[in-house]
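Student: Spelled out from the first residue to the last, the chains are:
Number of protein chains: 2
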Amino acid sequence: MVSKALGKYVHSLHQKKYRNRHGAFLVEGGKSVLELLSSDLEAEQLLATPEFAAQYQAQLPSRVPLTLATEQELTQLGTLATNTTALAIARLPAPADLPPTLPTTGLLLALDEVRDPGNLGTLLRLADWYGLPGVVLSPGCADAYAPKTVAASMGAFARVQVWERDLAAWLPTLPTDVPIYGADLAGDNVHALRLQPAGVLVMGSESHGLTPAVTEALTRRLHIPRGPAGRAESLNVAISAAILLDNFFRNQ
Amino acid sequence: MVSKALGKYVHSLHQKKYRNRHGAFLVEGGKSVLELLSSDLEAEQLLATPEFAAQYQAQLPSRVPLTLATEQELTQLGTLATNTTALAIARLPAPADLPPTLPTTGLLLALDEVRDPGNLGTLLRLADWYGLPGVVLSPGCADAYAPKTVAASMGAFARVQVWERDLAAWLPTLPTDVPIYGADLAGDNVHALRLQPAGVLVMGSESHGLTPAVTEALTRRLHIPRGPAGRAESLNVAISAAILLDNFFRNQ
Numbered sequence: 013m014v015s016k017a018l019g020k021y022v023h024s025l026h027q028k029k030y031r032n033r034h035g036a037f038l039v040e041g042g043k044s045v046l047e048l049l050s051s052d053l054e055a056e057q058l059l060a061t062p063e064f065a066a067q068y069q070a071q072l073p074s075r076v077p078l079t080l081a082t083e084q085e086l087t088q089l090g091t092l093a094t095n096t097t098a099l100a101i102a103r104l105p106a107p108a109d110l111p112p113t114l115p116t117t118g119l120l121l122a123l124d125e126v127r128d129p130g131n132l133g134t135l136l137r138l139a140d141w142y143g144l145p146g147v148v149l150s151p152g153c154a155d156a157y158a159p160k161t162v163a164a165s166m167g168a169f170a171r172v173q174v175w176e177r178d179l180a181a182w183l184p185t186l187p188t189d190v191p192i193y194g195a196d197l198a199g200d201n202v203h204a205l206r207l208q209p210a211g212v213l214v215m216g217s218e219s220h221g222l223t224p225a226v227t228e229a230l231t232r233r234l235h236i237p238r239g240p241a242g243r244a245e246s247l248n249v250a251i252s253a254a255i256l257l258d259n260f261f262r263n264q
Numbered sequence: 013m014v015s016k017a018l019g020k021y022v023h024s025l026h027q028k029k030y031r032n033r034h035g036a037f038l039v040e041g042g043k044s045v046l047e048l049l050s051s052d053l054e055a056e057q058l059l060a061t062p063e064f065a066a067q068y069q070a071q072l073p074s075r076v077p078l079t080l081a082t083e084q085e086l087t088q089l090g091t092l093a094t095n096t097t098a099l100a101i102a103r104l105p106a107p108a109d110l111p112p113t114l115p116t117t118g119l120l121l122a123l124d125e126v127r128d129p130g131n132l133g134t135l136l137r138l139a140d141w142y143g144l145p146g147v148v149l150s151p152g153c154a155d156a157y158a159p160k161t162v163a164a165s166m167g168a169f170a171r172v173q174v175w176e177r178d179l180a181a182w183l184p185t186l187p188t189d190v191p192i193y194g195a196d197l198a199g200d201n202v203h204a205l206r207l208q209p210a211g212v213l214v215m216g217s218e219s220h221g222l223t224p225a226v227t228e229a230l231t232r233r234l235h236i237p238r239g240p241a242g243r244a245e246s247l248n249v250a251i252s253a254a255i256l257l258d259n260f261f262r263n264q
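Protein chains in written order, with this note's numbering: chain A, 13 to 264; chain B, 13 to 264.
By construction, these hints were calculated from the structure, which means they are not laboratory data.
Among the hints, erroneous ones may be present.
It does not matter which identical chain is meant; a pair holds if it fits inside one copy or across any two.
Unchecked claim - Derived SDA-like pairs (lysine to any residue); straight-line CA-CA distance at most 20 Å: (1) Lys-28 / Thr-231; (2) Lys-160 / Pro-240; (3) Lys-43 / Arg-243; (4) Lys-20 / Gly-199; (5) Lys-160 / Ser-246; (6) Lys-160 / Asp-128; (7) Lys-29 / Pro-187; (8) Lys-160 / Thr-116; (9) Lys-28 / Pro-111; (10) Lys-160 / Gly-130; (11) Lys-29 / Leu-186; (12) Lys-43 / Leu-80; (13) Lys-43 / Glu-245; (14) Lys-160 / His-34; (15) Lys-43 / Thr-91; (16) Lys-16 / Glu-176; (17) Lys-160 / Ala-93; (18) Lys-43 / Arg-177; (19) Lys-43 / Gly-242; (20) Lys-160 / Thr-91; (21) Lys-16 / Arg-243; (22) Lys-20 / Glu-245; (23) Lys-29 / Val-76; (24) Lys-160 / Leu-92; (25) Lys-43 / Lys-160; (26) Lys-43 / Pro-145; (27) Lys-43 / Asp-128; (28) Lys-160 / His-235; (29) Lys-43 / Gly-221.
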């Protein structure tokens, strides 16, 4: 039975304003909840069906309050079309410093005004697949802890480190030997390069590409060749990032 | 002013049943409408704001009835959160035969139960970027002419040829020298191959991968290497297809 107060709290976390006020965010669906519980993030409360609670009893930490709920209640509380298993409230991670060895020793993905939470979640999943040390978000990006981002990340929200930086201010402070890559139709053909995964790869917004100040900070522009008979004008930002990352990691 | 009958007709096309009954589908937003008008598809009716109609007068064919509408009317008629410019009703293309030279002379993308219209639209956009001769959909795929598919395809709906085939029945009828590729975690590392864009590349559903009968028809399984520190279990279907297609087209 979900109390009125708990229901109100969960609903408030649909909105960024209240996520920031409470320092918490929602994790919806059994698979994502299990990813949360096996990660370093802190779970604050769990809501689950009796069936889920019984099946995963061993994975549910006793220090986290558990409320049993019906499928209908879970679906009403959350943002998914249906949620038949579980929902968690997790603590937002405290803002962390960027390790001083980065991005010299690894490739950071930096996102410039990527506003669609589905794209952001897919990009986090990609960063998780390639084991990137983290993702830097400009202030205009979608919220990394919005329900749609969390869902699209398929568990990556619990593993990928995220920092927020004003890219136009941050990129110029990097050591001059750190390569800063960006996608550009007039850039170098990635197939002709032997890229190594260190430095920063900046991806721009879905509709406007990179902002001018960020473009200026690039040290190398990369171009994904279109097929010889290809006609599309552009690729989705997550699709472009995937192709570029495969090109960075193929020479290892 | 949009008549009640026209409004009802447009609304009915939100649903596949009525798209098939009327042989028509919706194209929403100015950019997609202009892609439609510059393609081989047949436009049946146009609805646009007076501003859009004035600005693109030269591109609006006189044989297609034009109804002027307000932004509010367009948004109410369509499925987008806002539509500030135009909406078209287009004729569904007649089912076409697969050219007999395919897939020997080019690479076809075949989709096995890809149910999410956003993923399908992104895959059509990708097929358009690489200039593939077309995409083969299993009957369980999302509708290629659903509003969400059309929107996500970013104009590719108007250029990419689509066929529907029962893949488990169709794949075994192909000549034995036609390679049939599929993604598989236990497959060959794509980075170690020199793939050529001919044959069929089959991509499976978001949650279940390839169906068993389709898996049996594969002649070569391909594996996208994960980063050395990577942890995600899998990639989104459109992301995987993008990385594989870049690997097919890099050896040209």
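Student: Run every hint past the structure and note whether it holds.
Tutor: Status of each hint after checking the structure:
1. Lys-28 / Thr-231: neither (34 Å within a copy, 49 Å between copies)
2. Lys-160 / Pro-240: neither (36 Å within a copy, 28 Å between copies)
3. Lys-43 / Arg-243: between (39 Å within a copy, 15 Å between copies)
4. Lys-20 / Gly-199: neither (50 Å within a copy, 48 Å between copies)
5. Lys-160 / Ser-246: Between copies only: 18 Å across chains, 24 Å inside a chain, cut-off 20 Å.
6. Lys-160 / Asp-128: Classified as both; 9 Å inside a copy, 15 Å across copies.
7. Lys-29 / Pro-187: neither (35 Å within a copy, 59 Å between copies)
8. Lys-160 / Thr-116: neither (32 Å within a copy, 41 Å between copies)
9. Lys-28 / Pro-111: Cα proximity of Lys-28 and Pro-111: none, with 27 Å in one copy and 52 Å across.
10. Lys-160 / Gly-130: both (6 Å within a copy, 14 Å between copies)
11. Lys-29 / Leu-186: Classified as neither; 32 Å inside a copy, 56 Å across copies.
12. Lys-43 / Leu-80: Within one copy only: 17 Å inside a chain, 48 Å across chains, cut-off 20 Å.
13. Lys-43 / Glu-245: Answer is between: at 12 Å across copies they meet the 20 Å cutoff, but 36 Å inside does not.
14. Lys-160 / His-34: within (19 Å within a copy, 34 Å between copies)
15. Lys-43 / Thr-91: within (15 Å within a copy, 30 Å between copies)
16. Lys-16 / Glu-176: neither (34 Å within a copy, 50 Å between copies)
17. Lys-160 / Ala-93: both (12 Å within a copy, 16 Å between copies)
18. Lys-43 / Arg-177: Cα proximity of Lys-43 and Arg-177: none, with 30 Å in one copy and 33 Å across.
19. Lys-43 / Gly-242: between (38 Å within a copy, 19 Å between copies)
20. Lys-160 / Thr-91: both (8 Å within a copy, 19 Å between copies)
21. Lys-16 / Arg-243: Classified as neither; 54 Å inside a copy, 38 Å across copies.
22. Lys-20 / Glu-245: Intra 45 Å, inter 34 Å, cutoff 20 Å: neither.
23. Lys-29 / Val-76: neither (24 Å within a copy, 47 Å between copies)
24. Lys-160 / Leu-92: both (9 Å within a copy, 18 Å between copies)
25. Lys-43 / Lys-160: within (15 Å within a copy, 26 Å between copies)
26. Lys-43 / Pro-145: neither (23 Å within a copy, 38 Å between copies)
27. Lys-43 / Asp-128: between (22 Å within a copy, 19 Å between copies)
28. Lys-160 / His-235: neither (30 Å within a copy, 28 Å between copies)
29. Lys-43 / Gly-221: Only across copies: Lys-43 and Gly-221 sit 17 Å apart there, 33 Å inside one copy, limit 20 Å.
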